[in-house]
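Chemist: Sequence:
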Amino acid sequence: YCPSHIPRHVMKELEAGAFRKLCEHLRERSDAVANIDLMSISGFCRNCLAKWLVVEARRVSEEMNASEERELSEEERRVIVALDALGYDEAAEEVYGCGYPEWKKRYNKKATEEQMAAYKASTPIQAKHDKSLLQKRASQPATLTTPASGAATSLPPPPSKSLLSDVCCQNVDTPSTATAPTSVAPPSSSDAARRYTPPAPPSKTMHLLIGIVTVSDRAYAKEYETGDLS
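So the sequence shown is numbered by my numbering: it starts at 2 and just counts up by one.
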């Protein structure tokens, strides 16, 4: 019916509207529908939608660049740069309705063993993504123009905080497995003999500077209000 009665440009409007409603539907159920469950049941999740947005941006950009019938206008060139500068992080913000780190902080929960088992069992139906297409091809365009020429300028890309990974449904925490405490045998006399003997304290006053370095992706993403709690 649709190919015969609805013009293609109108059909694209319908498809875009359906996509927007899907994103809105998932946003309204952020606390009830987890990405890992979406992946296990349907083979795709919110992250897949963001990746498909980027892939479509690459396709449209390539089609516009391939036009040989006429020279591209300044506006068309600007659109191409904007499409090439669209990355996974920016697309994810469109799908989630906010920055992904913020969404994860609000709604992401640790996966249970049952969820992890279902996720692994659904591997054959999970969407696959070409990571080469997800990489940005241009610097993020500036919103301002240079006073002299009025030409659009480009800003250097921001520091990489990419969410890309080989697993589509990212940041699925592995379930914690409780282990029974093991008993520790009391040290033998030979062990005691080999114990470390600390050196004598310094005879003079000394100044000591101590630096502590922690590595945490969640702290880097500023998910903790008061530092790294891992």
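No wet-lab data here; the hints were simulated from the structure. Every residue gets a Cβ at the ideal spot worked out from N, C-alpha and C, and that includes glycine. Certain hints may be false.
Stated by the list, open to error - Using C-beta positions, here's what the derived DEER-type ranges look like:
hint	residue 1	residue 2	range
1	204	136	54 to 62 Å
2	118	8	23 to 31 Å
3	13	122	30 to 38 Å
4	61	2	21 to 29 Å
5	100	210	34 to 42 Å
6	63	33	35 to 43 Å
Said to hold, decoys possible - Simulated crosslink set (SDA-like; lysine to any residue; CA at most 20 Å straight-line):
hint	residue 1	residue 2
7	129	32
8	13	56
9	121	2
10	137	86
11	110	56
12	105	28
13	132	45
14	132	94
15	129	35
16	13	64
17	106	56
18	132	63
19	132	207
20	111	13
21	106	29
22	105	23
23	105	56
24	110	13
25	111	27
26	121	29
27	105	13
28	22	86
29	22	63
30	13	2
31	105	39
32	105	38
33	132	90
34	22	132
35	121	45
36	22	110
37	121	107
38	111	31
Chemist: Against this structure, judge whether each hint is valid.
Modeler: For each hint, the structure was consulted:
| no. | hint | result |
| --- | --- | --- |
| 1 | 204 to 136: 54 to 62 Å | holds, 60 Å |
| 2 | 118 to 8: 23 to 31 Å | violated, 47 Å |
| 3 | 13 to 122: 30 to 38 Å | holds, 36 Å |
| 4 | 61 to 2: 21 to 29 Å | holds, 26 Å |
| 5 | 100 to 210: 34 to 42 Å | holds, 36 Å |
| 6 | 63 to 33: 35 to 43 Å | holds, 38 Å |
| 7 | 129 to 32 | violated, 26 Å |
| 8 | 13 to 56 | holds, 16 Å |
| 9 | 121 to 2 | violated, 39 Å |
| 10 | 137 to 86 | holds, 5 Å |
| 11 | 110 to 56 | violated, 28 Å |
| 12 | 105 to 28 | holds, 12 Å |
| 13 | 132 to 45 | holds, 16 Å |
| 14 | 132 to 94 | holds, 18 Å |
| 15 | 129 to 35 | holds, 19 Å |
| 16 | 13 to 64 | holds, 16 Å |
| 17 | 106 to 56 | violated, 27 Å |
| 18 | 132 to 63 | holds, 17 Å |
| 19 | 132 to 207 | violated, 54 Å |
| 20 | 111 to 13 | violated, 38 Å |
| 21 | 106 to 29 | holds, 16 Å |
| 22 | 105 to 23 | holds, 19 Å |
| 23 | 105 to 56 | violated, 23 Å |
| 24 | 110 to 13 | violated, 36 Å |
| 25 | 111 to 27 | holds, 19 Å |
| 26 | 121 to 29 | violated, 27 Å |
| 27 | 105 to 13 | violated, 31 Å |
| 28 | 22 to 86 | violated, 25 Å |
| 29 | 22 to 63 | violated, 27 Å |
| 30 | 13 to 2 | holds, 15 Å |
| 31 | 105 to 39 | holds, 15 Å |
| 32 | 105 to 38 | holds, 15 Å |
| 33 | 132 to 90 | holds, 13 Å |
| 34 | 22 to 132 | violated, 26 Å |
| 35 | 121 to 45 | holds, 13 Å |
| 36 | 22 to 110 | violated, 24 Å |
| 37 | 121 to 107 | violated, 25 Å |
| 38 | 111 to 31 | holds, 14 Å |
When held up to the earlier numbered hints, the structure conflicts with 2, 7, 9, 11, 17, 19, 20, 23, 24, 26, 27, 28, 29, 34, 36 and 37 and fits the remainder.
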